[in-house]
Amino acid sequence: MLGFDLYRPRTLQEALKLLAEFKGSARVLAGGTDLLISLRAREREDVKNIIDITSLRVLDFIQEDDSRLRLGPLTAHAQIADSPHIRQGAGLLAAAAAAIGSPQIRNRGTIGGNVVNAAVCADTVPPLVALGASVKLERMEECRWLPLEEFITGPNRTRLEADEMLTEIAFAKLTATAGWGFTRLARREAMAIARMNVAVVLERDSRGRVVTARIAPGAVLASPARIPQAENILLGQCPDEALIHQAGQAVATAMTASGSRWSTPYKEPAIIALTERAIKQALEVEWR
Amino acid sequence: MNKLPVTLIVNGREYKLTVDANERLLDTLRLQLRLTGTKEGCGVGECGACSVILDGQLVNSCMVLTAQCDGARVETVEGLGTATKLHPLQQAFIDYNAVQCGFCTPGMLMAAKALLDKNPDPSEAEIRQGLSGVLCRCTGYKQIADAVKAAAREEK
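Protein chains in written order, with our numbering: chain W, 32 to 319; chain F, 11 to 166.
Hints were generated in silico from the structure; no laboratory data involved.
One should not assume that every hint holds.
What the hints assert, rightly or not - The calculated lysine-lysine pairs, modelled on DSS-like cross-linking and capped at a C-alpha distance of 27 Å, are: (1) Lys54(W) - Lys13(F); (2) Lys79(W) - Lys13(F); (3) Lys159(F) - Lys128(F); (4) Lys152(F) - Lys95(F); (5) Lys167(W) - Lys79(W); (6) Lys128(F) - Lys166(F); (7) Lys48(W) - Lys13(F); (8) Lys54(W) - Lys167(W); (9) Lys48(W) - Lys204(W).
Said to hold, decoys possible - Pulled from the structure, derived: some chain F residues nowhere near chain W, Cβ distances all over 12 Å: (10) Cys79; (11) Lys95; (12) Gln110; (13) Cys111; (14) Gly117; (15) Asp131; (16) Glu134.
To be verified - Far from chain W, by Cβ distances over 10 Å, these chain F residues were calculated: (17) Arg23; (18) Tyr25; (19) Arg34; (20) Leu43; (21) Pro132; (22) Ser133; (23) Cys148.
Quick reminder that beta carbons are idealized off the backbone N, C-alpha and C, glycines included.
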């Protein structure tokens, strides 16, 4: 493991002060499921100081008001998967959190870490994008909010400045009539990183026509985004098998827009099927 | 690199330690406390051989810094039973031949204990999920799941 100095601030203010002082040589340590591995692999020679925030309980919360859900960045995946608030108001996020790693990883890994690490395969990111989540970034005596899609700019890249810390993730709760889907493909059922995943939120009017569609695939784009071309195919329609397939194809087209790889012939039909299944889940239609 | 004071309660016994900033809980347990029941397998959180229970939660001790655990309670396989009085899980692992090479066994036992602590009457699916973070390469999953089921019955 790389050598570093470790700091255990007692308050958020103290942690932000340390970040400001260290000017980029420090990293925030939460669950450690990504950072400790890269430090041990000596991939992060630039990191000289570690600021352990695991004891800042003020960053560990799930709060619900009339319309919104607010999550502290230290909320562990297991807490999200088990939370009645999240299961009811953002079921796709609970489903994604439950699919991550193993019980050990879910007990330790945090949603803030998942977002800031910004791996393309991060399972909580597509649901958060489909939920329209924003992130709160704090520095000494200043804070700003960014939509998650703007915050993550590429693989493992974000707009987080060296003296900033992610302190909250917030989004509007799904309405009681909204349907959601989350599908995921990995090499095995448990303890595997997602090769691809898809999050879908759909709302329909009383006649079954789609009035809101949000489709966010993961691990197929350089940075997280919704696919309006796929959403527009469903909007205003009562989706049938053909339309759902078209929406899946639109996601595949968005995936291949940035070029083809050796894996593309496999991934194209797979992402179409994952999208179709997520849409059908959201429509509460049985698939096999 | 700095050193930090840490108080740990391991298997009910309190230890006041000084640890390096980058020392993993796994290393503290094995090298400082000589509790070598906890094993290091992959060192990257994939295999679960190093699983321990930290403040009631199952974690990979290779992915936790000891300095993050000040004041925490840690349960390791050494705290389960004694040579003369085995824990029901340990007895069940013997009865069901759920041990082959033995390297994953401490992790399996702690994963099973964490599961039964929260859910004393798990279904087959819940047992499989509870053990999903520990790899056995002798392919003994069936016997292990059966042993956990039997231990759950025993404890009832």
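Hints and how they fare:
{"no.": "1", "hint": "Lys54(W) - Lys13(F)", "verdict": "holds, 22 Å"}
{"no.": "2", "hint": "Lys79(W) - Lys13(F)", "verdict": "holds, 14 Å"}
{"no.": "3", "hint": "Lys159(F) - Lys128(F)", "verdict": "holds, 14 Å"}
{"no.": "4", "hint": "Lys152(F) - Lys95(F)", "verdict": "holds, 25 Å"}
{"no.": "5", "hint": "Lys167(W) - Lys79(W)", "verdict": "holds, 25 Å"}
{"no.": "6", "hint": "Lys128(F) - Lys166(F)", "verdict": "holds, 13 Å"}
{"no.": "7", "hint": "Lys48(W) - Lys13(F)", "verdict": "holds, 21 Å"}
{"no.": "8", "hint": "Lys54(W) - Lys167(W)", "verdict": "holds, 20 Å"}
{"no.": "9", "hint": "Lys48(W) - Lys204(W)", "verdict": "violated, 33 Å"}
{"no.": "10", "hint": "Cys79", "verdict": "violated, 9 Å"}
{"no.": "11", "hint": "Lys95", "verdict": "holds, 28 Å"}
{"no.": "12", "hint": "Gln110", "verdict": "holds, 20 Å"}
{"no.": "13", "hint": "Cys111", "verdict": "holds, 20 Å"}
{"no.": "14", "hint": "Gly117", "verdict": "violated, 9 Å"}
{"no.": "15", "hint": "Asp131", "verdict": "holds, 18 Å"}
{"no.": "16", "hint": "Glu134", "verdict": "holds, 14 Å"}
{"no.": "17", "hint": "Arg23", "verdict": "holds, 22 Å"}
{"no.": "18", "hint": "Tyr25", "verdict": "holds, 18 Å"}
{"no.": "19", "hint": "Arg34", "verdict": "violated, 7 Å"}
{"no.": "20", "hint": "Leu43", "verdict": "holds, 19 Å"}
{"no.": "21", "hint": "Pro132", "verdict": "holds, 12 Å"}
{"no.": "22", "hint": "Ser133", "verdict": "holds, 15 Å"}
{"no.": "23", "hint": "Cys148", "verdict": "holds, 17 Å"}
Figure legend: structure checked against the earlier numbered hints; hints not met, in rising order: 9, 10, 14, 19.
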